[in-house]
Structures are given as structure tokens and as C-alpha cells.
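Asks: Sequence:
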Amino acid sequence: MGRRNKTQVHFHFAVFSESKGINVSAISFDARAGTRPIKTASIQRCFQNIHLRESMPQTPPFSAMFDSSGYNRNLYQSAEDSCGGLYYHDNNLLSGSLEALIQHLVPNVDYYPDRTYIFTFLLSSRLFMHPYELMAKVCHLCVEHQRLSDPDGDKNQMRKIAPKILQLLTEWTETFPYDFRDERMMRNLKDLAHRIASGEEQTYRKNVQQMMQCLIRKLAALSQYEEVLAKISSTSTDRLTVLKTKPQSIQRDIITVCSDPYTLAQQLTHIELERLNYIGPEEFVQAFVQKDPLDNDKSCYSDRKKTRNLEAYVEWFNRLSYLVATEICMPVKKKHRARMIEYFIDVARECFNIGNFNSLMAIISGMNMSPVSRLKKTWAKVKTAKFDILEHQMDPSSNFYNYRTALRGAAQRSLTAHSSREKIVIPFFSLLIKDIYFLNEGCANRLPNGHVNFEKFWELAKQVSEFMTWKQVECPFERDRKILQYLLTVPVFSEDALYLASYESEGPENHIEKDRWKSLRSSLLGRV
Numbered sequence: 001m002g003r004r005n006k007t008q009v010h011f012h013f014a015v016f017s018e019s020k021g022i023n024v025s026a027i028s029f030d031a032r033a034g035t036r037p038i039k040t041a042s043i044q045r046c047f048q049n050i051h052l053r054e055s056m057p058q059t060p061p062f063s064a065m066f067d068s069s070g071y072n073r074n075l076y077q078s079a080e081d082s083c084g085g086l087y088y089h090d091n092n093l094l095s096g097s098l099e100a101l102i103q104h105l106v107p108n109v110d111y112y113p114d115r116t117y118i119f120t121f122l123l124s125s126r127l128f129m130h131p132y133e134l135m136a137k138v139c140h141l142c143v144e145h146q147r148l149s150d151p152d153g154d155k156n157q158m159r160k161i162a163p164k165i166l167q168l169l170t171e172w173t174e175t176f177p178y179d180f181r182d183e184r185m186m187r188n189l190k191d192l193a194h195r196i197a198s199g200e201e202q203t204y205r206k207n208v209q210q211m212m213q214c215l216i217r218k219l220a221a222l223s224q225y226e227e228v229l230a231k232i233s234s235t236s237t238d239r240l241t242v243l244k245t246k247p248q249s250i251q252r253d254i255i256t257v258c259s260d261p262y263t264l265a266q267q268l269t270h271i272e273l274e275r276l277n278y279i280g281p282e283e284f285v286q287a288f289v290q291k292d293p294l295d296n297d298k299s300c301y302s303d304r305k306k307t308r309n310l311e312a313y314v315e316w317f318n319r320l321s322y323l324v325a326t327e328i329c330m331p332v333k334k335k336h337r338a339r340m341i342e343y344f345i346d347v348a349r350e351c352f353n354i355g356n357f358n359s360l361m362a363i364i365s366g367m368n369m370s371p372v373s374r375l376k377k378t379w380a381k382v383k384t385a386k387f388d389i390l391e392h393q394m395d396p397s398s399n400f401y402n403y404r405t406a407l408r409g410a411a412q413r414s415l416t417a418h419s420s421r422e423k424i425v426i427p428f429f430s431l432l433i434k435d436i437y438f439l440n441e442g443c444a445n446r447l448p449n450g451h452v453n454f455e456k457f458w459e460l461a462k463q464v465s466e467f468m469t470w471k472q473v474e475c476p477f478e479r480d481r482k483i484l485q486y487l488l489t490v491p492v493f494s495e496d497a498l499y500l501a502s503y504e505s506e507g508p509e510n511h512i513e514k515d516r517w518k519s520l521r522s523s524l525l526g527r528v
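Residue 183 in the UniProt record's numbering sits at position 183 of the sequence shown; the count goes up by one each step and never skips.
Don't read these hints as lab results, they were simulated from the structure.
There's no promise every hint is true.
With a straight-line Cα cutoff of 16 angstroms, these simulated EDC-like cross-link-like pairs (lysine to aspartate or glutamate) come out [to be verified]: (1) 218 - 174; (2) 333 - 315; (3) 206 - 227; (4) 471 - 513; (5) 376 - 496; (6) 218 - 260; (7) 231 - 174; (8) 333 - 496; (9) 218 - 191; (10) 376 - 504; (11) 376 - 183; (12) 137 - 174.
Here the structure is a predicted model, which is why all the values come from computation and not from measurement.
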């Protein structure tokens, strides 16, 4: 008997291109039940790394900011309620003109926006304008607010508003640092920061310096990360090419590099958390950005579609799936292939226990690839009970109900965690993207009166903010450079090479497979 394959699913994950953006329709699963937005836990930890100084304005705690409907209650009872162009219902900001929303972002002597509004507007505003355009408007309004009173009150005015402006800039640079890779953004930031620092207060100068140093460090780390990714990409080769030049008998496999499946699961978690950490929250919005009907700037659309770190993460998922399939198909002996399958089942189970659902799904996806699943004689030697349980947990039916339940459990565990390990939540990323895609597609960005549909963006921010919490977790496991190097750089089979290896291991079963085998032997090996 071969493997009982009740829930075999072939996942086709998100494909990106410069011109077309993200192809979410390529993520295959049962969507008949519609989407179920992931319920967010408290997002108080989202910005835990933004340290509010005593001199800075204080805002309400995050646990109170989002209610079950996804947007704020009782947070906007301020002078801004009567501001023209903003529409409220039961104290909830539902919509507003773009100009009024920008005004609502900018602090003045008597007002500072709450942090959920700052995050939500900075996240969603890029659907309507460039970040550098928003920064220019914010700078103009900030300078304007400083000059509201008579010249004799300027110093007093500066003392009141400078900490608020500095706090807004700090929250922007810490939460959306990648915006400042644009020289126009950095120029405006430095100009406004200089105005604040040029005052008499030494504290402002020190705080401005700290803000700029922190931003520069983050951008430098991003550049270094991108260089590493480029180096890995440039050195990648097809496994078949290596096999032709190096006898298989002396080639390493993953078990020789890491015999312990629990250790491998931990090293996979290192890679996942590192790559998650470099994804900016704005990339979720920029992946789906479309031409704003009220925007006449044709260049605006293409310039805002920057999703390189998100793309790199999806590429990692695909690589891991192909690596799993390669390691299973490569051994000549049936018992070695069976041992490899059981090894990856144990790795997948430990990923589930850790809360690393992305690696778990990549491993399941690799084992469900046709070149692997067709190996009936191999699967007959495998104890599949543990794998059946894992497949059940990641079953795509009912819109991944079982997985979503497990994810909520992991998220709850993270909130009450007593150790770093318990804080880990790594979502099945392609499904998270698809949830956000459907949220974006299901609601218009603008209402018929031209107002920005802010109710939609509360919900978008709610989903992205939970991701922000998860990506800030530091991996508690010790790094093993040898294992990490293997996972990231070892050559993997292409799809054709996987089929060829599969047919070489267990011969074709029908005429279609025989024809394909002959074709592959001819094209890949030069044999008839």
C-alpha cells in the first residue's frame, strides 16, 4: 500500500513581478467559505521598541485601541471632532478627505494623534500619495503650527510643540524606516529635525541625534541583508548540474549535516524570524497598490510597488519546499528515501510545536509534490500516522479552519509567554497575504463622495499590527552556521530534475510518465 493521501494539496505560492505585483490567485486553496480575518490579540506589544520618553506626549494603551469591530472607540473625543472633512459614527472615525486626515496626523500645541491613528494612516496613506509627498505636507504643517502665535511666544510655543513633532517623527522612522531610503524623505526629515534641534533645549538635540542614529542603523542593516540575499541568489545552482560533476556517493545530504530533526526545526526558525524581521509593514499595502482614480501622477503607481523583502520571504518558502523534495528524491535506495521522509515528518512536527507554521507548510508542500507523492514503494515503508496528523492540522478545507485555530492558540500562548520560545508565532505567510488581499479587494479605498474609507484601513492595520508583534520576536535557539549555510545555499533540483530523479528511483507507471521520462533523460542527461 502506498501513502494514504486523503488531503494531498499542491500549493502554488505567490509569484511576483515588477510590473504586475503579486499574483495572489496563484495561491491555491478552498476559498468557498470566504475569508475569515484573523482575530487580533492585544497589539500593545506592536510598538514595544518605541520608547516614549517622559517629555513626550502619552497616548492610550494599545490594549484599549482596537475593539472587536476593528477600529477605535472613544479615542477621538477631542477638538478634532469638529474638524471639517472627518466623519465619525459613535466616536469611530469612519472616513475623511485626504487633506483632513493629514491635518489629523499633525500635532499642535493642544493635540497629539493617538498611536493607532498614526500607524493606520502611515500604513494606508501610500495608497493615495508617495510617503515623501506626505512628509513634505507634514513638515509644512508643523512649521505652520510653530508660527501660529505672536513672535514673543515663539520660544514657549516651540517648547510645547517640539516634543510632539519629534515623537511623530520617531514613530514614523521606527515603524516605517524603509520610507527613508528615499532621499526626498531623508531631506525633509533632516530639515524638520534641524529646526527642532536648533532650539535652546539640549534634550531636543540629543533626542534628534538618537532618532537619526537609530534610523541609519536600521537602513544599514537592511542594505547588508540585501547584499547577503543577492550573494546567495548569485551562487545558487541546480542540483543536477552538481550531480554531473560530483559523484553522488560523496555528496552530503541534510541528515549528514544535521542528524537531529529538532535542531533542524530550530535552525529553520532562525531563518524564518530573520526574514520576517526585515519585512516592512508597508510592503503588505504596496503589494496590492493600484492606481488611485483621483491621482494623475502616472509614476506614482510603479514607484510605490516596493515589496523586495516580502518577495524574498516567499522565495524562501518555495526554496524550502524544493529542498525537501530534492532530499527525498535524491537517494538511490528506497530505505534511504523512506528514512528521509520520516526525518522531515519529525522536523515538521517540531516546527508545529515551536509555532513555526511557515516552515511546517513548506515541508508538507514539498512532500506533497507529485515527484515525491508518486513514490508508492517508498511511502509503503513509511509510518505515516504522524504525517497524517500534521496534514490534518494544515488541511485547506473550510478556509484552513484547523490551521487558524492552531494559530490563535499560538498567538494566545505568545501573549502570556514566560520564555522566548513561547513567544514564537510564524504564520503561514502566503495565507496571511491572501487574507490581506481579500480585505483589500473586498472594500473600496474611497467612498462615493471621494472620502478615504478609513473603516477599511482600521481592519487592515489590525491585521498588519499583529504581524508586527510576531516579527519582533528574537530567536531563542543557538545558531549553527554549518546547518544554516546548507539550508540557504545547497543546490536544489528544478521541477524537471525532480521528476527525472523520481522516475529513476521508481519507474514510470503509464505511457504518459514513460514519455516524460524519455524526454527528461534526453534533455537533462543527453541520453536516449
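Asks: Each hint needs a verdict: does it hold in this structure or not?
Replies: Structure-based check of each hint:
Between residue 218 and residue 174 the CA atoms are separated by roughly 9 angstroms; this keeps the pair inside 16 angstroms, and the hint holds. A distance of roughly 30 angstroms separates the Cα atoms of residue 333 and residue 315; the hinted pair therefore is violated under the 16 angstroms criterion. Restraint check: the Cα-Cα separation between residue 206 and residue 227 comes to about 32 angstroms, which exceeds 16 angstroms; the hinted pair is violated. Between residue 471 and residue 513, the direct Cα distance comes to roughly 44 angstroms. Violation of the 16 angstroms bound is thereby established for this hinted pair.
Proposed proximity of residue 376 and residue 496 is contradicted: the alpha carbons are some 19 angstroms apart, above 16 angstroms. Restraint check for residue 218 and residue 260: the C-alpha separation of about 35 angstroms exceeds 16 angstroms, so the hint is violated. Taking the CA atoms of residue 231 and residue 174, the gap is about 27 angstroms. The hint is violated against a cut of 16 angstroms. For the suggested pair residue 333 and residue 496, the alpha carbons sit about 20 angstroms apart, so the restraint of at most 16 angstroms is broken.
Simply put, residue 218 and residue 191 have alpha-carbon atoms about 20 angstroms apart, too far for the 16 angstroms limit, and the pair is violated. Among the hinted pairs, residue 376 with residue 504 is consistent with the structure: their alpha-carbon atoms are about 13 angstroms apart, no more than 16 angstroms. Pair hint residue 376 plus residue 183 does not hold up; C-alpha atoms about 58 angstroms apart against a cutoff of 16 angstroms. Between residue 137 and residue 174 the alpha-carbon distance is near 20 angstroms, which puts this suggested pair outside the 16 angstroms criterion.
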